[in-house]
Amino acid sequence: MYLRAAVNLPSVFGEYDYAIPPHLAGQIGVGSLVTLPFGAQTAQGVALDLLPAPSVAQPKAILDLLDPNPVLTPAQVWLARHLAQETLQPVAAFIALMLPTGISKQADTLYTLRGSPALAGISPTQARILALLQERGPLRGRQLESHFARVDWRKSAQALVRQGILNTRSVLPPPSVRPKYIRMAQLAVTPQQAQESLPTLGRTPATLERRQRALRFLMQEPQAVAVSWVYAQAGCNLADLQELAERELILLFETEIFREN
1 MYLRAAVNLP SVFGEYDYAI PPHLAGQIGV GSLVTLPFGA QTAQGVALDL LPAPSVAQPK
61 AILDLLDPNP VLTPAQVWLA RHLAQETLQP VAAFIALMLP TGISKQADTL YTLRGSPALA
121 GISPTQARIL ALLQERGPLR GRQLESHFAR VDWRKSAQAL VRQGILNTRS VLPPPSVRPK
181 YIRMAQLAVT PQQAQESLPT LGRTPATLER RQRALRFLMQ EPQAVAVSWV YAQAGCNLAD
241 LQELAERELI LLFETEIFRE N
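Every letter in the sequence shown is one number past the one before it in my numbering, and letter 16, counting from 1, is 16.
Just to be clear, a hint being listed does not mean it is correct.
[Claimed, not checked] As a list, the in silico SDA-like pairs of lysine to any residue whose alpha-carbon atoms are at most 25 Å apart: (1) 155 to 65; (2) 180 to 170; (3) 155 to 224; (4) 180 to 113; (5) 60 to 22; (6) 60 to 170; (7) 180 to 233; (8) 155 to 132.
[To be verified] The calculated label-pair distances, taken between Cβ atoms and stated as ranges, are: (9) 40 to 136: 30 to 40 Å; (10) 41 to 69: 23 to 33 Å; (11) 26 to 136: 28 to 38 Å; (12) 190 to 253: 17 to 27 Å; (13) 247 to 182: 14 to 24 Å; (14) 97 to 67: 15 to 25 Å; (15) 253 to 220: 13 to 23 Å; (16) 238 to 69: 41 to 51 Å; (17) 222 to 137: 15 to 25 Å; (18) 238 to 137: 47 to 57 Å; (19) 138 to 238: 46 to 56 Å; (20) 137 to 50: 31 to 41 Å; (21) 152 to 98: 55 to 65 Å; (22) 69 to 220: 11 to 21 Å.
Just so you know, these hints were derived from the structure itself, not from any lab.
Note that beta-carbon positions come from the ideal geometry of N, C-alpha and C, so glycine has one too.
When you get a sec, could you build the whole thing from the sequences and use the hints?
Shown next, in the form of structure tokens:
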């Protein structure tokens with residue numbers, strides 16, 4: 001069995017055929033996220049089709065399946081291809097817009113022990129790797145990296161894989177997010193009360209006009225809005241909104257959202 005994939009690399013046009021290794025047969029479908037060889041590098045790709053035969057002789061095999069669940073639906077794959085055809089852009093460019101946040105992170109390798117290994121004839125670095133895995137269970141490459149400062153442990157680990165002592169598979173790193181705070185504004189009185197206060201909002205014509213525009217905008221918004229929208233619509237500034245808040249005409253508060261690190 002074979003698949004046709006879009007490679008998630010900038011400015012890579014076209015779709016490429018790959019072989020599916022026997023141990024992944026039946027696990028891959030349209031929309032699956034895989035790692036695959038592309039030139040001299042390893043890249044992520046999304047399966048666009050499953051094929052009975054490739055369009056090229058001796059296609060390379062994909063390396064691993066990164067997620068048992070598809071990351072895109074067949075309808076999304078169709079839409080990405082349609083947009084690519086209509087705009088003469090890479091299909092991967094549209095697939096990248098559809099992928100969930102964090103999916104585009106570079107895959108890591110998960111190392112797992114195969115039974116109870118014999119410790120005879122192994123190097124000190126290999127012994128440390130096995131001891132860590134015995135103590136903590138399966139570990140990702142980035143986790144092992146933190147234990148081996150300035151030590152090339154990966155060659156030692158690959159030797160253990162070749163000897164059948166370790167298993168490896170590609171995995172996506174866990175998502176990481178950090179909070180971001182956005183200042184919001186919302187009308188705190190009835191529209192009628194806000195309307196009655198309009199003539200009293202400033203001592204100079206310019207100040208009065210800015211604050212009136214800001215309050216009128218909020219009178220039209222039933223829900224809280226980001227203050228950046230109020231600035232854009234009314235030409236006001238934070239001091240204007242703070243004055244409206246001190247008069248108890250509006251509420252100013254911060255809300256927390258999360259974004260990927």
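Now for the hints, and whether the structure bears them out:
1. With a C-alpha separation of about 23 Å, the suggested pairing of residue 155 with residue 65 holds against the 25 Å cut-off.
2. For the proposed pair residue 180 and residue 170, the alpha carbon gap of about 31 Å is over 25 Å, so the pair is violated.
3. Taken as a hint, the residue 155 and residue 224 pair is broken in the structure, with Cα atoms around 56 Å apart against an allowance of 25 Å.
4. Simply put, residue 180 and residue 113 have alpha-carbon atoms about 40 Å apart, too far for the 25 Å limit, and the pair is violated.
5. Our distance criterion of 25 Å between C-alpha atoms is met by residue 60 and residue 22, whose separation comes to about 13 Å.
6. Using a Cα cut-off of 25 Å, the hinted pair residue 60 and residue 170 holds, with the two alpha carbons roughly 17 Å apart.
7. Taking the CA atoms of residue 180 and residue 233, the gap is near 23 Å; set against the 25 Å cutoff, the hint holds.
8. Between residue 155 and residue 132 the alpha-carbon distance is near 16 Å, which keeps this suggested pair within the 25 Å criterion.
9. Against the hinted window of 30 to 40 Å, the Cβ-Cβ separation of residue 40 and residue 136 comes to about 34 Å, which satisfies the hint.
10. The hinted window of 23 to 33 Å between residue 41 and residue 69 holds, with their beta carbons roughly 26 Å apart.
11. As the Cβ distance of residue 26 to residue 136 is approximately 32 Å, the hint placing it in 28 to 38 Å holds.
12. For residue 190 and residue 253, the hinted distance range of 17 to 27 Å is satisfied, since their beta carbons lie about 19 Å from each other.
13. At about 23 Å, the beta-carbon gap between residue 247 and residue 182 stays in the expected band of 14 to 24 Å.
14. A beta carbon spacing of about 18 Å between residue 97 and residue 67 agrees with the range 15 to 25 Å that was offered as a hint.
15. Distance hint for residue 253 and residue 220: a CB-CB separation of about 19 Å, consistent with the stated range 13 to 23 Å.
16. Take residue 238 and residue 69: their Cβ atoms lie about 45 Å apart, and the range 41 to 51 Å holds.
17. Here the CB-CB span from residue 222 to residue 137 is close to 51 Å, at odds with the stated 15 to 25 Å.
18. Here the CB-CB span from residue 238 to residue 137 is close to 51 Å, well matched to the stated 47 to 57 Å.
19. The given range of 46 to 56 Å is respected by residue 138 and residue 238, whose C-beta atoms sit roughly 50 Å from each other.
20. Under the hint 31 to 41 Å, the C-beta atoms of residue 137 and residue 50, about 34 Å apart, fit the expected range.
21. Distance hint check for residue 152 and residue 98: the Cβ-Cβ separation is about 38 Å, which falls outside the suggested range of 55 to 65 Å.
22. About 43 Å separates the C-beta atoms of residue 69 and residue 220, a value inconsistent with the hinted range of 11 to 21 Å.
Of the numbered hints listed earlier, those contradicted by the structure are 2, 3, 4, 17, 21 and 22.
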